[in-house]
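Protein chains in written order, with numbering that gives the first Met the number 0: chain A, 0 to 298; chain B, 0 to 249.
Check each hint, because a few of them may be wrong.
[Unchecked claim] Heads up, simulated EDC-like pairs for lysine to aspartate or glutamate below, C-alpha to C-alpha not over 20 angstroms straight-line:
| hint | chain 1 | residue 1 | chain 2 | residue 2 |
| --- | --- | --- | --- | --- |
| 1 | A | LYS9 | A | GLU282 |
| 2 | A | LYS252 | A | ASP279 |
| 3 | A | LYS287 | A | ASP240 |
| 4 | A | LYS287 | A | ASP229 |
| 5 | A | LYS287 | B | ASP7 |
| 6 | A | LYS252 | B | GLU109 |
| 7 | A | LYS252 | A | GLU11 |
| 8 | A | LYS287 | B | GLU15 |
| 9 | A | LYS9 | A | ASP229 |
| 10 | A | LYS287 | B | ASP152 |
| 11 | A | LYS9 | A | ASP240 |
| 12 | A | LYS9 | A | ASP261 |
[Claimed, not checked] So the derived list for chain A, only partly shown, Cβ under 7 angstroms to chain B, looks like this:
| hint | residue |
| --- | --- |
| 13 | GLU268 |
| 14 | ARG270 |
| 15 | VAL283 |
Read the hints as simulated data drawn from the structure, not as lab findings.
The structure presented is a predicted model; accordingly, all values stated were derived computationally and were not measured.
Cβ coordinates follow ideal geometry from the N, Cα and C atoms, glycine included.
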Amino acid sequence: MCGIVGLFLKTERHRHELGRLTAMMLHEMRERGPDSAGFAVYDRPVGDATRITVLAEGRQPDWGAIRAELEPVLGAEVAVTPVHDHAVFTTSGDGALARQWMIENVADLAVLSHGSQIELYKSVGDPDLVAERYDLASRTGTHAIAHTRMATESAITTNGSHPFVTGANTCLVHNGSLSNHNRLRRQLERTGESFQTENDSEVAAGYVAWRLAEGDTIDEALRRALVDLDGFYTFAIGIEDGFAILRDPIACKPAVVAETDDWVAMSSEFRAIAQLPGVDDAEVWEPKPAQIYSWSLAA
Amino acid sequence: MTDVTTFDLADRTVRELNQALHDATSGAFRVTSPRGAHAVAAGIDAAIDVEIDGSVGYYCAGMHQQGTVRIDGNASTGLAENMMSGTVRITGSATMSAGATGHGGLLVVEGNAGARCGISMKGLDIVVGGDVGHMSAFMAQAGNLVVLGDAADDLGDSIYEAELYVRGSVASLGTDCVEKPVEAEHLATLTDLLERSGLDADPADFRRYGSARRLYNFHVDDIAAELAEGGATGIAAELAEGGATGNGAA
């Protein structure tokens, strides 16, 4: 099953309440995914800083010690803000290098996201509790993507929870299952992508990140994804200045989109959208199979 | 003028609403603030009128019999699935599998219907003011599907005996679905359905599609040839060599 929500704010109007609106949407998708939840929030960049969100599941390790080891690797100052068992590292150094170093050198740590705008939190448990623990409701920003998971093919773990990030500021949530993810993972690893789970959806995130790194636009990347990804999927994808949706050609997994002058909202079900401000005047439609939908802040 | 009983789903549950609709034998009901809730007005079996003011979730008016349900908004998966009689009308659009497996009655979608509209329909009449998605009328067995707009890929795949009428373009026909001539009786059916649906269109503008009936029987000759093409050996090769007798050889 699983529930997806995405909210992309085209104008300033609701950016002060991005988190509150996203939490409201996530709440409606609880029944589709009571096992675990996660959310990614995109806010304005702060100077040239990269944020790296990491997870030490259920623990609060000596974040200062990790920071002290990381600084000489990056040759730049690093700040760290703990949020329960997550922490956000901020640095003007190379975010991708920081991610790779932590994956290779810090035991029992997962690097959830890196990039100038994105922060990402995930946990097992009731989606409302996850939203509350990591304070989704008070967050501001331009767009957010969230997921509630009903685990059917693998165990209920935080690492198996969405969203997934492999490239800077690129995040993906998935309802469905891929059938060629093992081969794709091996192919992507040869291009230099690194993965932290056995999850099929992480491979989809890695695929999109790889294509964007190769210079594709998000539309070009998704056009290729239609050829290279085999399986069932409804994806919601966040990039640093944009938001995209893709469904496989059979389109078994549900999706609905609503758009106003101020926002684009996407979810597995309309009830997640039904209480957004201005929804009565929104244009509402079902995304077509194998059709790429994308929005950009730059446009 | 009969009294209208109002149910505001902001304050009351779908279960309370549906129980009231199941208990009623006549009268009119108005439902407000549905906010995408599932199974709104499912299981009605009485000559009652229900008006829903807003968009609904899955399986709205499922298993519907006798009465009328009107939705001022959109609906998600399975609108009026397995309806038996009566009328269900939606002013907006419906997503996947609208009218699935319906045995009877009339479903009117004034907007668009998504993928697999009328899948496995068994006698229901569906009139869609806009377009229908891919694989609409998949394995349809009886009834009429009238589409004023366009039909996406694989219309009528593996269809048995339902009649499909499309005014716009058909992206592609599914397996065993073919275009058929529009005769006087079909024009009469169309005229009647358009009139009852209240949608404005000229019956003469529609093309008709239905089953070529090539999938009704298993032909062992076909499967033998198919297997032989794939380099099959053993029993399949034997069949391909012309040794096929028995059931499929007639």
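Going down the list of hints, with the structure as the test:
no., hint, result
1, LYS9/A / GLU282/A, "15 angstroms, holds"
2, LYS252/A / ASP279/A, "25 angstroms, violated"
3, LYS287/A / ASP240/A, "23 angstroms, violated"
4, LYS287/A / ASP229/A, "18 angstroms, holds"
5, LYS287/A / ASP7/B, "32 angstroms, violated"
6, LYS252/A / GLU109/B, "24 angstroms, violated"
7, LYS252/A / GLU11/A, "32 angstroms, violated"
8, LYS287/A / GLU15/B, "35 angstroms, violated"
9, LYS9/A / ASP229/A, "32 angstroms, violated"
10, LYS287/A / ASP152/B, "12 angstroms, holds"
11, LYS9/A / ASP240/A, "10 angstroms, holds"
12, LYS9/A / ASP261/A, "5 angstroms, holds"
13, GLU268, "6 angstroms, holds"
14, ARG270, "3 angstroms, holds"
15, VAL283, "5 angstroms, holds"
Violated hints, in rising order: 2, 3, 5, 6, 7, 8, 9; the structure is consistent with all others.
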